[in-house]
Amino acid sequence: MFSVEVGLNGILGLTEILSLSEKDPERKKMFDLSIRSADLLLEIINNILDLSKIEQEFFELNLEEFLISEICLDISNIFNNYSSSSIHYSCNIENDFDFPMKEDKLRIKQILINLLWECF
Numbered sequence: 001m002f003s004v005e006v007g008l009n010g011i012l013g014l015t016e017i018l019s020l021s022e023k024d025p026e027r028k029k030m031f032d033l034s035i036r037s038a039d040l041l042l043e044i045i046n047n048i049l050d051l052s053k054i055e056q057e058f059f060e061l062n063l064e065e066f067l068i069s070e071i072c073l074d075i076s077n078i079f080n081n082y083s084s085s086s087i088h089y090s091c092n093i094e095n096d097f098d099f100p101m102k103e104d105k106l107r108i109k110q111i112l113i114n115l116l117w118e119c120f
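Mapping of the sequence shown onto the numbering used here: position 95 corresponds to residue 95, and the numbering continues sequentially without gaps.
Careful, some of the hints might be misleading.
Okay, the calculated beta carbon distance ranges per label pair [claimed, not checked]:
| hint | residue 1 | residue 2 | range |
| --- | --- | --- | --- |
| 1 | LEU61 | PRO25 | 26 to 32 Å |
| 2 | GLU57 | ILE108 | 19 to 25 Å |
| 3 | LEU51 | GLU26 | 34 to 40 Å |
| 4 | GLN56 | LEU14 | 31 to 37 Å |
In silico lysine-lysine, DSS-like type, Cα no more than 25 Å apart, as pairs [stated by the list, open to error]:
| hint | residue 1 | residue 2 |
| --- | --- | --- |
| 5 | LYS109 | LYS53 |
| 6 | LYS105 | LYS53 |
| 7 | LYS53 | LYS23 |
Note that these hints are calculated values from the structure, not bench results.
All C-beta atoms, glycine included, are put in the ideal place defined by N, C-alpha and C.
Generate the whole structure from the sequences, applying the supplied hints.
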């Protein structure tokens, strides 16, 4: 799996370079969609690797402080670019609710993406 991750990261890096240098808006949009799709594929690969770690009991949580709005923004950037879907994702957080929390940010994001992906 590691070599798949390395290969995908290489493709992702090259695509990001192409996107930054692209002048044609339509082609830039296609490069950006490719980048987001590759990011999602990388997340799926990481989910599989995490599941393998859980099964082998090597899994550790990475606790960090963050705001829930950060995750919502990340997820918005992923799902709102799938314009072919009739579903639109939005996240509205009351100021009182957007407080710092100490959790595993990546795992919370993975859970939300997996739940939302079923809608698209």
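Now for the hints, and whether the structure bears them out:
Hint check: LEU61 to PRO25, Cβ distance near 42 Å, so the stated range 26 to 32 Å is violated. Checked against the hint of 19 to 25 Å, the C-beta distance between GLU57 and ILE108 comes to roughly 21 Å, which is consistent with it. The beta-carbon spacing between LEU51 and GLU26, approximately 38 Å, falls within the hinted interval of 34 to 40 Å. For the pair GLN56 and LEU14, the supplied restraint of 31 to 37 Å holds, since their beta-carbon distance comes to about 33 Å.
Distance restraint check for LYS109 and LYS53: the Cα-Cα separation of roughly 18 Å lies within the 25 Å cut-off, and the hinted pair is therefore satisfied. A distance of roughly 18 Å separates the Cα atoms of LYS105 and LYS53; the hinted pair therefore holds under the 25 Å criterion. Distance restraint check for LYS53 and LYS23: the Cα-Cα separation of roughly 43 Å exceeds the 25 Å cut-off, and the hinted pair is therefore not satisfied.
The structure does not agree with the numbered hints 1 and 7 stated previously, though it agrees with the rest.
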